[in-house]
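Residue numbers (our numbering), protein chains in the order written: chain A, 163 to 532; chain B, 163 to 532; chain C, 163 to 532; chain D, 163 to 532.
If you're looking for bench data, these hints aren't it; they were derived computationally from the structure.
Only a predicted model underlies this, so the values are computations on that prediction, with no experimental measurement involved.
A few of these clues could be false.
The list cannot tell twin chains apart, which means a pair is met if one copy fits it or any two copies do.
[Said to hold, decoys possible] Calculated cross-link-like contacts (lysine to any residue; reagent style SDA-like; alpha-carbon spacing at most 25 Å):
#1 Lys467 / Ala453
#2 Lys375 / Glu250
#3 Lys375 / Glu305
#4 Lys375 / Arg277
Protein chains: 4
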Amino acid sequence: MSDTIGVGLIGTGYMGKCHALAWTSVKAVFGDGPRPRLRHLAEASTDLAERRAGEFGFERASGDWRQLIDDPQVDVVSITTPNAFHAEMAVAALEAGKHVWCEKPMAVHLADAERMEAAARRSGRVAILGYNYIQSPMVRQIEELIGQGAIGTVNHVRIEMDEDFMADPEAQFYWKSEASSGYGALDDFAVHPLSLIRVLIGELTRVFAQQAKPYDSRPTQGGGRRAVETFDIANVLFEVGDVSGILAVNRSAWGRKGRIALQIFGSAGSILYDQERMNELQIYRASGAAAGQGFTTVLAGPLHKPYDRFIPAPGHGLGFNDLKIIECHELLRAIRGEPARVIDFSAGLGIERIVHAMARSHRDERWVRP
Amino acid sequence: MSDTIGVGLIGTGYMGKCHALAWTSVKAVFGDGPRPRLRHLAEASTDLAERRAGEFGFERASGDWRQLIDDPQVDVVSITTPNAFHAEMAVAALEAGKHVWCEKPMAVHLADAERMEAAARRSGRVAILGYNYIQSPMVRQIEELIGQGAIGTVNHVRIEMDEDFMADPEAQFYWKSEASSGYGALDDFAVHPLSLIRVLIGELTRVFAQQAKPYDSRPTQGGGRRAVETFDIANVLFEVGDVSGILAVNRSAWGRKGRIALQIFGSAGSILYDQERMNELQIYRASGAAAGQGFTTVLAGPLHKPYDRFIPAPGHGLGFNDLKIIECHELLRAIRGEPARVIDFSAGLGIERIVHAMARSHRDERWVRP
Amino acid sequence: MSDTIGVGLIGTGYMGKCHALAWTSVKAVFGDGPRPRLRHLAEASTDLAERRAGEFGFERASGDWRQLIDDPQVDVVSITTPNAFHAEMAVAALEAGKHVWCEKPMAVHLADAERMEAAARRSGRVAILGYNYIQSPMVRQIEELIGQGAIGTVNHVRIEMDEDFMADPEAQFYWKSEASSGYGALDDFAVHPLSLIRVLIGELTRVFAQQAKPYDSRPTQGGGRRAVETFDIANVLFEVGDVSGILAVNRSAWGRKGRIALQIFGSAGSILYDQERMNELQIYRASGAAAGQGFTTVLAGPLHKPYDRFIPAPGHGLGFNDLKIIECHELLRAIRGEPARVIDFSAGLGIERIVHAMARSHRDERWVRP
Amino acid sequence: MSDTIGVGLIGTGYMGKCHALAWTSVKAVFGDGPRPRLRHLAEASTDLAERRAGEFGFERASGDWRQLIDDPQVDVVSITTPNAFHAEMAVAALEAGKHVWCEKPMAVHLADAERMEAAARRSGRVAILGYNYIQSPMVRQIEELIGQGAIGTVNHVRIEMDEDFMADPEAQFYWKSEASSGYGALDDFAVHPLSLIRVLIGELTRVFAQQAKPYDSRPTQGGGRRAVETFDIANVLFEVGDVSGILAVNRSAWGRKGRIALQIFGSAGSILYDQERMNELQIYRASGAAAGQGFTTVLAGPLHKPYDRFIPAPGHGLGFNDLKIIECHELLRAIRGEPARVIDFSAGLGIERIVHAMARSHRDERWVRP
């Protein structure tokens with residue numbers, strides 16, 4: 163492998179900027195691997211592409227993403243456009259021999275996700291999804307603790323994901339309330355907890371889901387109201403073999419901003435985590451003097467890899483954007499053929515299938531095996 | 163009404179002592195109503211009854227509870243014996259014209275609960291159940307906040323109740339793992355959250371339940387193992403009209419000691435509460451300057467009735483036993499014909515019916531309307 | 163000792179009610195010792211005395227406290243009147259051969275405290291002060307942990323006590339802002355932390371104090387303003403031998419309701435405690451796997467004596483009034499000649515001397531040895 | 163100003179890497195200002211310099227920092243070497259016409275700090291210190307809240323800074339325990355809180371300090387022990403005009419990893435902050451319905467500038483390294499002549515003077531005016 167790797171970026175919104183920052187910093191943070199060269203940036207218009215290329219430090223800018231795909235200087239493509247474009251872009255990039263780093267979720271329709279997964283398989287290239295929460299040093303620590311048997315055999319899990327960007331009933335109707343955008347909280351949100359369950363617990367074997375609409379209608383620009391077609395709330399009972407669990411997601415939960423709260427119960431202890439305090443985990447161990455037992459709050463530090471690559475002192479705190487840098491590093495490891503902590507298109511398709519199984523369960527009011 | 167009221171107490175375990183303390187303190191705390199006179203205490207043996215009567219300050223002691231029921235000095239009977247005895251004792255007390263304060267749950271079998279409710283109705287006496295958590299000043303405050311519209315229209319609720327007294331897989335098999343004791347966490351635990359849902363949200367209209375066993379078997383005294391027959395975990399999706407909700411109970415949850423965690427989401431805010439920190443509630447209001455919004459932690463104080471009857475200064479904290487004193491005072495109000503905050507036998511029967519409906523839902527794997 | 167002990171109560175405000183509840187409940191909670199008989203209650207007027215006697219269950223009521231002192235049925239006297247009356251009443255009670263349970267602080271003037279201590283010494287009776295926070299099961303647990311060496315050798319302590327009843331600058335001038343009431347936060351508040359330092363760490367050897375007035379004047383009824391004469395804030399550097407420490411008290415601290423926050427640092431760990439969450443303590447131990455170290459939050463339970471006398475289940479929570487019941491029980495132990503956890507008049511005088519030494523330090527701007 | 167700015171970096175330890183990351187990301191994050199070009203990196207040896215230049219993406223590498231100072235491509239120099247080198251390097255850089263971004267503290271000796279400040283003044287260049295905590299969006303928010311009068315007039319402040327890297331008494335003696343390194347916690351730590359007090363409250367007018375050694379000696383490599391010469395603990399009473407305050411710093415505080423805890427009390431409310439949870443602040447406002455008052459926990463979000471430049475969604479969290487990116491952006495603003503939030507060499511010298519005044523206060527046991 164050469165000393166550098168050529169990067170292309172399609173889309174420069176929230177996640178596009180995250181990817182740009184990750185590509186820029188990954189080498190300085192980790193010190194290993196090729197140096198990313200920011201070769202080509204594509205946006206909806208040439209103007210916007212050029213402006214962003216200036217800000218982010220890309221060498222070329224295009225108003226047409228296909229030019230980026232055709233650029234021989236580009237080795238890996240970050241796709242951060244709206245979900246509806248993922249399939250077309252990812253398939254094209256893979257067919258052009260590029261590696262792909264695509265934001266989640268894969269696609270609105272299962273058929274598109276399947277197409278993406280097939281293209282990845284055929285291409286022999288690395289294709290991963292932006293499930294960044296699995297990269298949190300504290301989540302990695304939880305995985306290690308479970309693996310070490312620190313809480314014995316896991317028997318019950320609860321996971322909640324809540325934000326409040328849909329909580330205002332008088333906020334205007336927009337595309338997230340349209341059926342064409344998907345089911346609602348189930349695909350918009352639940353995929354993140356599902357990536358964590360996959361990494362920490364295992365494959366779901368059975369689900370029972372209920373979706374709910376906190377608000378029947380929302381105001382429209384014209385002054386009228388339009389019926390809401392998606393579900394801002396989804397509640398799911400699930401099983402991972404013998405492990406029972408609950409998944410609850412709500413994008414209308416006033417006061418919650420980035421909550422992903424995990425409760426994992428085992429035969430010898432419990433673990434708690436909340437993404438809103440991503441630099442902490444809590445562990446209860448049913449051992450030692452009984453009068454001294456309680457939940458121990460562990461602050462992230464250099465012992466919780468790869469926190470040490472960012473900061474050598476404990477308790478200083480990583481941020482959300484740092485998760486994306488870690489994810490980028492894992493992608494580079496995968497590209498180099500090293501074992502990597504990623505949700506690739508195959509695993510991602512598994513998550514998509516679960517989401518659709520949950521929607522079927524809701525519709526049919528019965529347990530469904532994904 | 164005379165200046166005093168004659169009290170009988172059957173059972174002197176955990177709850178028996180709580181009742182005794184409540185009867186002893188209620189007049190000094192609240193200053194109103196009749197003075198309770200501790201007339202008669204019954205226990206399984208005369209010896210034990212006499213010892214406890216000495217400690218608790220009762221005038222008479224009997225080894226046979228029927229003597230207590232026959233005692234004309236007794237106006238109200240506290241029943242704090244194991245659940246299996248509730249029905250017989252409560253019915254006898256009511257038929258003898260006594261008021262009854264019976265610990266929860268009503269009875270293992272629905273038929274017994276129905277018998278108790280019928281006896282109460284016939285008697286014209288006051289008959290209430292020991293659902294003390296509804297008496298917490300913070301729970302009362304939550305009710306007021308919801309009533310005032312502080313969080314708008316409630317649309318989603320999550321409630322968890324967890325303890326860890328069944329969490330040790332190597333703890334010996336005992337009666338709580340026997341099918342004769344009931345379903346498990348569902349009737350042992352879920353009744354408390356159900357009392358809170360009833361008071362704060364309303365009547366359940368639909369439930370879907372799943373029960374789970376974290377441990378298949380437990381060791382027996384003889385050195386063998388015995389299959390566990392009850393479910394230490396129960397997870398329930400529910401609806402109260404348009405409000406969706408989740409109820410999760412787990413008596414094998416390492417690290418949880420007395421957790422009853424409420425999350426109530428509305429169209430204008432949210433409320434959080436955890437019984438392990440019973441002197442606090444958290445409220446988020448979607449109003450005021452956006453940059454200053456967040457969950458406000460309110461500490462219990464004299465403005466949260468009836469905290470003021472215990473302590474005139476805020477932030478000093480009530481304890482669990484104080485809830486029982488408040489409950490006792492509400493019982494006395496009911497006896498005087500005043501409006502009272504109680505779960506009477508009729509409401510309690512409603513809770514029992516929901517528990518049995520949940521068990522049916524689990525068995526049949528379908529939504530059930532209680 | 164007979165089976166009962168005769169109780170007299172002078173004063174029926176906040177603390178008077180606490181004492182009454184403690185006397186009423188102590189036998190039922192602990193099961194041992196004599197049964198308190200509520201013999202005689204004294205208040206400022208006969209009317210009030212009679213009303214309170216009815217509520218609290220006392221047999222006799224007087225508008226003159228000297229009648230209570232003369233009552234041969236009274237063995238022990240609870241003194242809960244304003245501080246200015248403590249000395250006269252306590253001395254009279256002791257000289258009449260009664261045991262005394264007097265609320266803190268002992269007296270406004272050191273000479274009065276000395277007189278009380280001398281009377282107690284002469285009388286051979288038990289005379290204790292109402293320093294209830296040392297009775298908290300979690301504080302007792304901290305003492306045990308330190309004694310066991312759980313955090314090694316203590317080398318640094320921080321203690322804060324804050325409330326906000328003087329925080330409103332527009333609240334009317336009242337006696338707490340008059341110099342005749344004492345120094346301000348120093349004697350009003352600091353005595354509580356000092357009782358904790360005494361029990362947990364040891365005798366103060368050196369102090370440097372600064373007092374401050376957050377508000378220079380306060381409004382008066384007439385519409386004018388009056389200069390504030392006391393200090394609502396006091397900050398103290400101190401030493402207990404080689405242990406350095408900080409004491410900070412503030413009765414104008416908006417948002418603090420009953421905060422007494424302890425931070426104790428040792429060579430092998432640390433302990434944290436806050437009275438606003440009196441059923442929790444936090445301990446950090448510098449041992450075990452480094453990646454798992456953190457503060458462990460321990461919830462009060464039956465293993466933390468004497469929590470078990472109140473509730474057999476952990477995590478259910480004691481309240482402030484329960485501390486007074488424990489204190490009452492310790493008093494009864496002292497009266498029976500058993501080792502007891504109390505601040506007697508001799509120890510209390512030591513606390514008073516420290517307060518006055520702090521005030522001298524402030525005045526002279528130098529370190530003072532109490 | 164040209165489109166780019168040439169960056170030199172001296173030192174590549176903890177802070178050196180932070181600076182490198184900041185220079186790399188600042189343009190992509192903020193979108194404005196010149197693009198930093200990483201021109202020249204200097205380390206103690208050419209080998210190390212070249213390795214780090216490769217990792218961090220610098221164009222040139224030198225084993226002699228003077229070559230970097232002489233490099234005409236370099237416009238601004240980051241100095242992140244041990245404190246003893248700051249003065250010589252900063253003065254040389256300023257005299258060569260470079261802007262300087264120097265890590266804190268300025269220098270061990272006051273004379274060196276004065277020399278640095280004079281050189282900055284003479285040069286007309288921008289010279290700032292790495293007091294990154296003032297850059298936290300939540301700290302900025304606190305400043306705004308105070309400025310808006312959200313808590314009325316500030317009257318009392320407490321600030322604590324604690325870590326535990328010196329907490330192990332059996333850790334080997336190293337240079338931080340030598341007198342040549344400075345006073346100990348006072349200059350190693352206290353400068354950070356002092357930067358916060360300066361920004362949030364104002365200039366200290368009077369200090370009284372006490373320093374303490376938790377451990378008298380530490381083991382040496384040879385197997386013996388050596389007397390500790392510095393103070394790991396420092397406690398300071400202070401005044402900012404009428405505002406009283408406490409500063410407590412402890413680098414031997416087991417369990418504390420990056421705690422900088424602020425308590426700010428005003429006439430209409432209070433604000434709390436802890437750097438270990440840098441994405442939260444707490445505010446209490448003495449307004450609105452009294453029954454609903456409490457501390458509101460605000461999660462950082464786009465409304466708290468410049469969080470929005472990093473992440474458009476609230477509650478996702480910035481990390482420690484992001485503070486350095488913000489600091490870098492403020493430096494660039496200063497270089498462009500725009501108003502900037504920085505501690506320049508003049509303000510930094512003020513902080514150094516306070517530290518030395520505190521040491522004098524400790525020595526002389528008296529209040530000192532800096």
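Right, here's what the structure says about each hint:
1. Lys467 / Ala453: Between copies only: 10 Å across chains, 32 Å inside a chain, cut-off 25 Å.
2. Lys375 / Glu250: neither (31 Å within a copy, 46 Å between copies)
3. Lys375 / Glu305: For Lys375 and Glu305, the Cα distance is within 25 Å only across copies (23 Å; inside one copy 34 Å).
4. Lys375 / Arg277: neither (31 Å within a copy, 40 Å between copies)
When each numbered hint is compared with the structure, violations occur for hints 2 and 4.
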